[in-house]
Structures are given as C-alpha cells and as structure tokens.
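Residue numbers (my numbering): 1 to 359.
Hints are supplied without guarantee of correctness; some may be wrong.
Simulated pairs of lysine to aspartate or glutamate, DMTMM-like, Cα-Cα distance not exceeding 25 Å [stated by the list, open to error]: (1) K171 with D208; (2) K341 with E145; (3) K35 with E169.
Label pairs and their in silico Cβ distance ranges [unchecked claim]: (4) E343 with Q62: 47 to 57 Å; (5) E325 with E14: 30 to 40 Å; (6) G216 with E118: 51 to 61 Å; (7) K130 with E183: 26 to 36 Å; (8) K158 with G136: 13 to 23 Å; (9) A344 with I196: 33 to 43 Å; (10) E135 with I196: 52 to 62 Å.
For the record, the hints were derived by calculation from the structure and aren't laboratory data. Note that the structure is predicted; figures quoted are calculated from it, not measured. The beta-carbon is built from N, C-alpha and C at its ideal position, and this holds for glycine as well.
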Amino acid sequence: MADQNSYSEANIKEWVWYEAIRKRPGMYIGSLNNKGFVRSFEGFLADNFQQYQSSYVLIEFQDENFMKLRFENNRNKISDDWAVTREGSLHPFEFETQILNALSRHFSVQFYDKNGDEILHQKFEKGVLKEGKIEGRELEAHTFEVRFQLDEEIWNDKFEWNQNYLINEIKTFAYLHKDRKFEILYSVDDQPCRVIYHFKNGLKDRIDIEILNGVGGSYFNTAFTDKIGDFSLEVAFAFRNYSVDETFLKSYVNDYYTHENGSHVDGLLKGLTYGVMKYFQKHDLTQEYKISEKGMKEHLVAALNIRMDEPIFSGCVRNKLANSEIIEPIADYVADLLFKKIEADEEATQQLIRKFKIY
Numbered sequence: 001m002a003d004q005n006s007y008s009e010a011n012i013k014e015w016v017w018y019e020a021i022r023k024r025p026g027m028y029i030g031s032l033n034n035k036g037f038v039r040s041f042e043g044f045l046a047d048n049f050q051q052y053q054s055s056y057v058l059i060e061f062q063d064e065n066f067m068k069l070r071f072e073n074n075r076n077k078i079s080d081d082w083a084v085t086r087e088g089s090l091h092p093f094e095f096e097t098q099i100l101n102a103l104s105r106h107f108s109v110q111f112y113d114k115n116g117d118e119i120l121h122q123k124f125e126k127g128v129l130k131e132g133k134i135e136g137r138e139l140e141a142h143t144f145e146v147r148f149q150l151d152e153e154i155w156n157d158k159f160e161w162n163q164n165y166l167i168n169e170i171k172t173f174a175y176l177h178k179d180r181k182f183e184i185l186y187s188v189d190d191q192p193c194r195v196i197y198h199f200k201n202g203l204k205d206r207i208d209i210e211i212l213n214g215v216g217g218s219y220f221n222t223a224f225t226d227k228i229g230d231f232s233l234e235v236a237f238a239f240r241n242y243s244v245d246e247t248f249l250k251s252y253v254n255d256y257y258t259h260e261n262g263s264h265v266d267g268l269l270k271g272l273t274y275g276v277m278k279y280f281q282k283h284d285l286t287q288e289y290k291i292s293e294k295g296m297k298e299h300l301v302a303a304l305n306i307r308m309d310e311p312i313f314s315g316c317v318r319n320k321l322a323n324s325e326i327i328e329p330i331a332d333y334v335a336d337l338l339f340k341k342i343e344a345d346e347e348a349t350q351q352l353i354r355k356f357k358i359y
C-alpha cells in the first residue's frame, strides 16, 4: 500500500493562468468584495494608461455586473495577447487585465485603427479565448473597447454592484490622472446620465476640495510633480487653520491606494518636520520649541502618489509601501521646499510653529 502521507511530483497540479486566478482570487485582488473589485478595476485602468498612454476613457454602465470601456488616443502599440498572460509566473501585483478577464463570465476586446476600422475582435469566457486569434502581433490600435460581465460564481454575496459607489471611486481615481479625461455614461430611473471628470491640477484639486469642506482656510498650500532619483512623485499638501478639522492624508503607489501608508508617507512627514527644524536651528529656537512628526501631522491635508518601477509592499496586498530607500530623498526634497515657504511667510510660519511651543 502506498504511503498516504507521501508527496511527490505526481501530486502537483499545474494550472493554466486563468485557473490559478479563479481558484485563488483572493491572492490577486485581496478580497471578493466591493473594495477588492475597485482595486482590481483601478489597477486595470492604471496599467493600460501606463502602457498605452490613452488620453481619454469612456466608461459605460450597461447592466448589473456589466461594463463597457473605450480607450482612445493610444500612443503605443498593443500586443494581441494583451488579455492573457505572457511567459513567466503570474505575479499577484501584475496582470490586472488578465485578472479581470479570468474573473469575468464574458470578456471581449475590439481594436480599431486611427480610421475607426476594426483590426481584431477577441471574445473570452472565464479567461478562455472563444473567438478571435492570438498570434503575438503588435497592433497599431488608436482605440480599443473592452466589455466585461463579472462572473457571479466568483463574486459572491459580499460583493454588490453599486453604481453610485463605483462612480464615486472612479472620480477619486481621476484625480491621479490630470492628463486624462474620464467620461461616464449611466442611467437613473431609465434616464440617461453623463458626467465628465478631468482634474487638470491633479491632487491639488483634490486637496482644494477637502480644504473647502473644512471650517476654515489653510496656509502653506503646496503642490508639485517632480522626478526624484529613480521615481516620480506628485504631492499636494496644506495646513488647516483650525484644529476642529481632521487630518486628511491619502497615499498612492502607482495609482494604487495604500491605506496603511508606508515609506512615501514617512518621507513626506519627515520632510515637513525637517523643514521646520531647519527654521528653528537657523533662528536658534530649538530650546523654545519641540517638534514631532505626530504634531506635524495635526491639521495636515495631504495627498501623494509615487510612481516607481519596483515597489515593495508589506504583506500580500498593496496596502503599505516598504521601500525604505525612498524616505530620505523625499524628506530632503520636501524639507527644502517647506523651508523656503517658511522663510517667505512669517505670519503663516507663526501659525504653524505655535503648536510646538514649550510652555
């Protein structure tokens, strides 16, 4: 009799890429609820923006669990194996298009040239190609359309297709893409509705709205987008006038929301702290004031998005960035920027530093 406890190569089952995703979807999107879908959907948008540089996307809600998207003005070629995995391992932090394909009952894509003529039409069911060809061709697709219907076998009762929630999340995502226009079509009580989001100032627009939601105004309002070393960083921040308004801090990595923050936020907070400390040292005020990152975070309104090639995350999902090497470069950049503002605005400076006064 064979040893029932033995384990050999014969026990190993090799899954096709879509089987691997469907068997263990939580490994790739975190959880099968609304937040899990939004993270995956936004990753799908972000990946396609990054790869093909589309300047416009039309998002149409057509039915429950069913959506149509149209990406226009693509600048780069698109491979016809775009919706399936390439050679190599299926990494849970990549392949957002393939993940959405595998977790959909129906998934189709149509590619069009600059004249609007169809180049290729592919149809998939649960990740399996049913119509069309995959030949490894590079397509000059000016536009492509995607239709998908989520598979109810995968998306269980923890997931609810809520149109209002999804539109609001798309709006929040649009702040991260100031060079792109989002058009959304939907219906309410069978009446067609249309909304366009194009936040040309990016995260600054997001912060401005948050400030207006507060009781009072703000000071040291700052926004920048710059290349720092091997990564690019967009930051918008300000300090509220009144303590009754809560701290607002949103952080992103490659457009993914990192609700546990991480290294990029550590760099920002250290930079703000260093900037004030430079002022204290220059004016010999270190004995009169005691600064801390916790105190600096009070009254802060901030949003930041870092784009980098090889992010490292703490845990199996993208909740917290763990690239410690970026902390000091961000801190140095922010410290110099804030110090210049402090030196130029004495009234705002006194408002900022008074909370650090030693009594």
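For each hint, the structure was consulted:
1. A C-alpha spacing of about 15 Å is found between K171 and D208, which places the hinted pair at or below 25 Å, so the restraint holds.
2. For the given pair, K341 sits about 47 Å from E145 by alpha-carbon distance, which is inconsistent with the 25 Å threshold.
3. Only pairs whose Cα atoms come within 25 Å are accepted, and K35 paired with E169 is accepted, the gap being roughly 10 Å.
4. A hinted range of 47 to 57 Å for the beta carbons of E343 and Q62 is consistent with their spacing of about 56 Å.
5. Range check, E325 to E14: Cβ separation about 37 Å, and the 30 to 40 Å hint holds.
6. Distance hint check for G216 and E118: the Cβ-Cβ separation is about 56 Å, which falls inside the suggested range of 51 to 61 Å.
7. In this structure the supplied range 26 to 36 Å holds for K130 paired with E183, their Cβ-Cβ distance being about 29 Å.
8. Between K158 and G136 the CB atoms are about 38 Å apart, so this pair departs from the stated range of 13 to 23 Å.
9. Taking 33 to 43 Å as the suggested C-beta distance range, the pair A344 and I196 conforms, at roughly 37 Å.
10. With their beta carbons about 37 Å apart, E135 and I196 fall outside the hinted range of 52 to 62 Å.
Checked against the numbered hints listed earlier, the structure breaks hints 2, 8 and 10; every other hint is satisfied.
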